[in-house]
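Enquirer: These are the residues of each chain, in order.
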Amino acid sequence: DAGITQSPRYKITETGRQVTLMCHQTWSHSYMFWYRQDLGHGLRLIYYSAAADITDKGEVPDGYVVSRSKTENFPLTLESATRSQTSVYFCASSESRQGSNEQYFGPGTRLTVT
Amino acid sequence: DAKTTQPTSMDCAEGRAANLPCNHSTISGNEYVYWYRQIHSQGPQYIIHGLKNNETNEMASLIITEDRKSSTLILPHATLRDTAVYYCIVRANYGGSQGNLIFGKGTKLSVKP
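Here the protein sequences line up with chains B and U, keeping their order. As numbered in this note's numbering, residues 1 to 114 make up the first sequence, in order. As numbered in this note's numbering, residues 1 to 113 make up the second sequence, in order.
No wet-lab data here; the hints were simulated from the structure. Given the structure is predicted, the values throughout are model-derived calculations rather than measurements. Honestly, I wouldn't trust all of these hints.
A short list of chain U residues far from chain B (calculated; beta carbon distances all over 12 Å) [what the hints assert, rightly or not]:
id, residue
1, D11
2, N19
3, Q42
4, T72
5, V85
6, N93
7, N100
8, I102
9, G106
10, V111
FRET-style restraints, in silico, Cβ to Cβ [as the list claims (entries may be wrong)]:
id, chain 1, residue 1, chain 2, residue 2, range
11, U, S110, B, D38, 15 to 25 Å
12, B, H41, U, G29, 22 to 32 Å
13, B, P75, U, P76, 35 to 45 Å
14, U, T56, B, A52, 15 to 25 Å
15, B, T77, U, T56, 41 to 51 Å
16, B, R44, U, K52, 25 to 35 Å
17, B, K70, U, Q42, 24 to 34 Å
18, U, S25, B, P107, 29 to 39 Å
19, B, M22, U, P21, 15 to 25 Å
20, U, S110, B, K70, 36 to 46 Å
21, B, T26, U, N30, 25 to 35 Å
22, B, E14, U, N53, 49 to 59 Å
23, B, T20, U, T8, 19 to 29 Å
In this text, a Cβ means the ideal position worked out from N, Cα and C, and glycines have one as well.
Whenever a hint applies, use it, and build me the whole structure from the sequences.
Expert: Structure, rendered in structure tokens:
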């Protein structure tokens, strides 16, 4: 049971490049989330998705694009990476919102933009 | 939005109970209290949640005051592996943005041998 996985775990890219972070969950959870974590800011929500083909902005969506063509995958794309997007990115999933807001987090992707 | 107040840091001796407080004086009637923790360099981990009643699971106990304005997370026998940042979050179980979790700075718990 793999749970929720993220790839790559570490990535170094240059300013202006496009980079995609992958997230895959094996539970068929409806909800998926992308957070970024920076020193001094804690975890901030970038985008979330309630189901396949349904996505919505979180607190800090600018500079990011998401898609959700399949329930199990929720890729995050930085279309033109900037140094301010250097961060640790966490993906999460949850079954539903009705009974519980219990989210399961992936191990994170550490992204450095040079 | 309901907000929470937690101490910045706490120490606990290994084997003793760790009691982590959280104030949420503006909590609404339909908002739950959630606790997550984040061990260094890992993703956050769900611990427990509750609405009104006290809750217990294999990881911890959650004590919520009768007026719901504060709560305490109890780790009954802290180990070195419980050293982490603990986040107290209040949130309703809605499907839209109102249901999104908002992580504050949390309490850094250091369990010492």
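Enquirer: Please write out, lowest number first, the hints stated earlier that are contradicted by the structure.
Expert: 3, 5, 6, 7, 8, 9, 14, 19 and 23
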